[in-house]
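Each protein sequence line maps, in turn, to chains F and S.
The numbering of the first sequence is this note's numbering, which starts it at 717 and goes up by one.
The numbering of the second sequence is this note's numbering, which starts it at 717 and goes up by one.
Certain hints may be false.
Identical copies carry no separate label here, and so any pair may be met within one copy or between two of them.
[To be verified] As a list, the in silico SDA-like pairs of lysine to any residue whose alpha-carbon atoms are at most 20 Å apart:
1. Lys-1088 to Phe-901
2. Lys-983 to Arg-781
3. Lys-930 to Gly-1022
4. Lys-902 to Glu-1083
Think of the hints as simulated: they come from the structure by calculation, not from any bench.
Protein chains: 2
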Amino acid sequence: MNVLVGQSGGPTAVINSSLYGIVKNADHVLGMVNGIEGFLEGKVIEFDDVELLKTTPGAYLGSCRYMLPEDLSDPVYEKLFKRFAEFDIDCVLYIGGNDSMDTVSKLSRCDSDIKFIGIPKTIDNDLIMTDHTPGFGSAAKYVANTVREIVVDASVYDKPAVTIVEIMGRHAGWLTAASVLARKFKGDAPYLIYLPEVDFDVDDFVTKVDKLLKEKTAVVVCVSEGIHDSDGNFICGATGVDNFGHKMLSGAGKYLENLLREKLGCKARSVELNVLQRCSAQNMSLTDQTEAIEAGAFGLQAAISGKSGYMVAFDNGECKLVDVNEVCNKEKKVPENMIIDGCDISQDFIDYCLPLIKGSVDVPVDENGLNKFCYRS
Amino acid sequence: MNVLVGQSGGPTAVINSSLYGIVKNADHVLGMVNGIEGFLEGKVIEFDDVELLKTTPGAYLGSCRYMLPEDLSDPVYEKLFKRFAEFDIDCVLYIGGNDSMDTVSKLSRCDSDIKFIGIPKTIDNDLIMTDHTPGFGSAAKYVANTVREIVVDASVYDKPAVTIVEIMGRHAGWLTAASVLARKFKGDAPYLIYLPEVDFDVDDFVTKVDKLLKEKTAVVVCVSEGIHDSDGNFICGATGVDNFGHKMLSGAGKYLENLLREKLGCKARSVELNVLQRCSAQNMSLTDQTEAIEAGAFGLQAAISGKSGYMVAFDNGECKLVDVNEVCNKEKKVPENMIIDGCDISQDFIDYCLPLIKGSVDVPVDENGLNKFCYRS
């Protein structure tokens, strides 16, 4: 059995753990470099020692953002299947999110004996037909621990000030919702949490912050990068021109920081968690890492046993297979019962999320005491 | 002996470790809440269990930014010394940076029997007469580990792109220099490192990045927030007006990101490490934590033994006392021998910095597996 594995889409803390779960259990495995796009150019590698993969964030094999054409008679498919034949591939495992499952769906619908299985990963947790997705637990833990640290930092002065934390999530607010776990006690910061699932009312936001500034000193607020008004316009994305004539883009956090300063005359700052929330090794959740490895191994077994056109999913902590054609190009949003009054997160979400961040992972360090990662040389 | 301790200035990962070193070793100790400013209003607390202080970032006692007047006959001094008398204080330990040492200097020059000792802390490492300063080692480790993770994240795609990381340091580039430790091998990213010690030439920067884009895909560059042109104008701080008419401020990273996109038409993004670099518990250096505790304990002993008007300093790994009047209001910059061609960091810095980030600290976790911090209730 010749196995081919690829990674696609944005990095997570545990996408390499899924790779580990496959490579460790396969007899002969090749890796696509830079996903299906690199593979089209014949870029593949063999694997050597893979232990460090389990604690290396990012995408060891490199990634791509490459959508295959809808028309399965497009010549790119012939080219791809020639490549598969060139390397005598029996099954293909593709680790990725929504767009990557679209790739698995299309390839599995082509006429061939090759088995195609999708291994889910995304920090956004927005894949449907699975309780949750590997990558989310570690990102959620990063958000919870980091917002807790930001609250500690914001609390040192005795003067009222607002800190807006901008968290990834364009359409689904799962990751932003995880900021609720930062609270050390009932009533602790963050005091307001806004997800893209709810229309954002700027005036109501200003009123709420104004009220908080009369009661608290460190007013910490978390917002999803994808918050939008009732017409669907993103609150982020305001553009302007600086003194030098350069165009400037601002995210939701920066926009609201400037707005509050202008409207309320208060001290305000914003912190964009940025790429760190998807590439932090130190906040890896042991549960997330374990499940990512399991997902890889389970997908491998499924392919070997002849299954094709499925994605590995999680249901009550167990792996199962779901039809990849039903998964791709859909999004799972945070349900209403997890959101309170459009600006807070309910116990239902906390109960859902806590098991996913459980357990910590020791990241091996190099001779200087810094996190040791593996990389393609 | 009645000891009074306060914290002042920006938070660090280990300012509470210095507090621990004092509280643990003193017979009777009171804490000023929000530094000298809060103490003026009579805000003090007693201490209970202090074990968690060692692994709690921020400033447990709260901080202030409050400069005492130059004129020692100003009535605020009489008010302060009345407060000292009210609590029957014998010695005062003040943990802080430059401005806080100015406070220690002034108080020690007032006519009284009270002993005043300064305990150094700053992530900027810019205090003079000491080899280094508690707080720097942990912040440097955060920068090194985090830039390494950002490089991992930036390296997943096969398309050339620039990532600019903006690191704290308005006048001294020590912390930005620590990004050199992120390299996993010789020649690894970050490829360019700019400190405020060297005038920043925008055109030369664009030329260098253009060249790198022809050789590499993930062009990661680190800049200090305080980089400035040869006239002393900050590269950051460009202002403009967004579409909604709100004033916008941009830091060095955001400014250079926009500039590169415009000049080179390349993909570019910027990451501001922001407050996380000074409040991350998980990157605490054991050396830094140990020295912070030692500095507190050593300062306490000095005060008890009758010394006043000194700051605790580090010299060959040992604590000593230096005249606080000579320390305050001065800045230690990164010396020339640690900077290469204005855009890289030398082995001299690496040899200097590596011992300071040595050793890791286990941060206790709560029942949910999140970092457990102590806080004033």
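Open item on the list: As a check of your reading, is Lys-1088 near Phe-901 (CA-CA no more than 20 Å) within one copy, between copies, both or neither?
Closed with: So Lys-1088 and Phe-901 pass the 20 Å test across copies only (11 Å; inside, 35 Å).
- [ ] Go through the copies and call it for Lys-983 and Arg-781: within, between, both or neither, with a Cα cutoff of 20 Å.
- [x] between (40 Å within a copy, 15 Å between copies)
Open item on the list: Checking an output row: Lys-930 and Gly-1022, CA cutoff 20 Å. Within, between, both or neither?
Closed with: neither (64 Å within a copy, 45 Å between copies)
- [ ] At 20 Å max between alpha carbons, let me know whether Lys-902 reaches Glu-1083 within a copy, between copies, both or neither.
- [x] between (42 Å within a copy, 15 Å between copies)
Hint 3 from the list above is the single one not met by this structure.
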